[in-house]
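Colleague: Listed here are the chains, written in short residue letters.
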Amino acid sequence: MKRNDFFLLLLLLLGTLAAFLLRPEPSTAKAEHIQVTVNGKMYGTWKLNTPQTITVSTPYGENVIRIQNGAAYVSKADCPSRDCMKLKPVTNSGDTIVCLPHKLVVEGKSKNGNGGIDTIAH
Amino acid sequence: MFKRFYFFLLFLIVCAFSGCSFLTQKEPNSIRDFFAMDTYVKMILYGPEAEKAADALQAEMMRLDRQLSLYSETSDVSRLHQQLAVPSLPGSSSFQQTDAPRKELLTQSHAILLSEDTAELLTRSLNLHAETNGAFDITLSPVSTLWGFPHGPFRVPDKTEIQATLARTGMETIRWDNRTRQFSADNPAITLDFGGIAKGYAAEKMAAILKKHNIRHALLNLGGNVKAIGTKPDRSLWRVAIQHPDAKTDYLGVLSVSDKSVVTSGDYERYFEKNKIRYHHILDPRTGSPARSGLRSATIVCEDCTLADGLSTALFVLGPEAAISFWQKHKEQFQFILFTENNTLFITEKLLPVFETKLTVTVVR
Amino acid sequence: MAKKITTAGIFTAVALILNYMEMLLPFNIGIPGIKPGLANLVVLLAIYLLPPAEAFAIAICRILLAGLFSGNGIALAFSLAGGLSSFFFMLACFKSNCFSPTGVSLAGGAVHNIAQFITALLLLQTQALLLYLPFLLLAGIAAGFCNGLLVVKLLSRLGKIHIF
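Chains as they are written, first to last, in my numbering: chain A, 182 to 303; chain B, 5 to 369; chain C, 10 to 173.
Derived from the structure by calculation, the hints contain no laboratory data. What you were told as hints is all true, and nothing was included just to trick you.
Simulated pairs of lysine-lysine, DSS-like, Cα-Cα distance not exceeding 27 Å:
| id | chain 1 | residue 1 | chain 2 | residue 2 |
| --- | --- | --- | --- | --- |
| 1 | A | K284 | B | K56 |
| 2 | A | K290 | B | K252 |
| 3 | A | K284 | B | K252 |
| 4 | A | K292 | B | K46 |
| 5 | B | K46 | A | K222 |
| 6 | B | K280 | A | K267 |
| 7 | B | K46 | A | K211 |
| 8 | A | K257 | B | K252 |
| 9 | A | K290 | B | K46 |
| 10 | B | K280 | A | K257 |
| 11 | B | K278 | A | K267 |
| 12 | A | K257 | B | K46 |
| 13 | B | K278 | A | K257 |
| 14 | A | K290 | B | K362 |
| 15 | B | K209 | A | K284 |
| 16 | B | K362 | A | K211 |
| 17 | B | K362 | A | K292 |
| 18 | A | K183 | C | K104 |
| 19 | A | K257 | A | K211 |
| 20 | A | K222 | B | K56 |
| 21 | A | K228 | A | K257 |
| 22 | A | K211 | B | K252 |
| 23 | B | K46 | A | K228 |
| 24 | B | K362 | A | K267 |
| 25 | C | K162 | A | K183 |
| 26 | B | K280 | B | K252 |
| 27 | A | K228 | B | K252 |
| 28 | A | K267 | B | K252 |
| 29 | A | K284 | B | K46 |
| 30 | B | K252 | A | K292 |
| 31 | A | K267 | B | K46 |
Estimated spans, in silico, between C-beta atoms of each pair:
| id | chain 1 | residue 1 | chain 2 | residue 2 | range |
| --- | --- | --- | --- | --- | --- |
| 32 | A | T226 | C | I14 | 55 to 63 Å |
| 33 | C | L130 | B | P237 | 18 to 26 Å |
| 34 | C | I69 | B | P237 | 25 to 33 Å |
| 35 | B | I213 | A | T239 | 30 to 38 Å |
| 36 | A | N250 | B | E345 | 23 to 31 Å |
Which chain C residues face chain A? A few, computed with CB under 10 Å, are given here:
| id | residue |
| --- | --- |
| 37 | C102 |
| 38 | G112 |
| 39 | V113 |
| 40 | L115 |
Glycine included, C-beta positions come from ideal geometry on N, C-alpha and C.
All chains should be modelled from the sequences, with the hints used to inform the complete structure.
Modeller: Pasting the structure below:
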């Protein structure tokens, strides 16, 4: 009986090894829509699968958000340094573009949570 | 004999039911985003006092901003400003590296008493400056302004301008007594800009408040500076992605951490381009120009967020070789992930099991 | 009959305690709700000492009660999948007489976690879960092995007490 146990253990360990080799690459969840907030208040949401242009005009200033090819970016802004226009387009859930002077936040969201990512260090 | 079994059984069932309340409790939480002056802050807090703690953290950010934008003795400030020729006043916020920096203006003859927070920041800055052989420097705001940071208009100054402005920098002339909190400098033109560690410092202050409110699971993100407290409520690790410098690529990878700070300095956050050359905001104190060390991003992982903040800037300036040598002398204090212009990803040994990436890594031991 | 109920009750209660203790262990595998399966120890013991019907009753009771106490629907799903699969597998191994209690427990532990994993895959629908499979398997093997050793010891002692 003991010998069979040993074989079983061996089999299970081999299985674990196989499981190790089958590990997938870490994936990210593509964002399905963007959520735009101004000073913490919801401004609106837009789907990323439809190319469109959104003008956000607030007392703080104006930003134009362009959605194209499943990504959202700021195409025009009248803030002093236009940093928001240089930031990486929002493609995944959790990606954020912030325009500080205008207190504008564009965040990628998806139904499937955030691809297992809690936050992004940048 | 059966009676005994019955009682035993009853006892066990009562135990199980009393454990019931503990088990059916769902952890209350607070998820809040806000702008505290010039930083976008995201917080995720878990615990019975989550809402109260969130309020306290917001208040602390406001307090720190006021504290670091003024001298503790306002009377000294007004006296000082009357005597100085330099017109700029302490700005509104110090959380952005070079955004209306917190300039504390000094004269040679007057020793100034600094507030507790400013004192702490100065002490840490001086230590970092010494440890990194000058790569970390808080006196560079005149040079930043010369380039147009933070808000522009941006320009590329010529060498003579830079040299002249560099004369107004230098931490070596600082005279600082930690115990009396008396400050003065031999070079009257220098200014102090804590933008390089202010966010990390704020995160640590916030962590202390969370501890007081018994919040054991939390995630803070102050403009990209991440502080993870404990694990997630289900005891899994917090997953922190590190941004890739290229706009077209998702992340450098994902770290799984608990009780750690993750801070990245990169050439992609604040920059301008001229003639296809990118000029970013992390200046090399020796040249007065954007650091060209071969690095595109430097990420520090350690418990203390102030240290992580300072070191990320310093290591970015140092470049891969010097950064690795530096680390080897301080192995137990922090871990790092460096991404070079040649797309090499350096990572310290201890981070290997908790970092998932699609890129090839070069392990540093 | 009363004796059967009592015995079953004791087994179930002990299984629940083990379940509770299990939650106190810092076990994080990334998927919330999945557990190493220490309570299998009790079920295994039941398989060896009691008729299969009673052992099954114990297994079912502890799964349902533990699920109730946890207040966590997903954990119940995992527990059902893991607990039931490992029960039948262990019963089969026991009947086949091919393995010692250690081996049976090993099999039970592994099957327990594999079943939980498959349930997680079905519920959460992300391929990313495959990242955790090797660790889950190892945990199951380890738990199964420990349980097995314990059971061997327990069997030699309990055989001398005439409760059953």
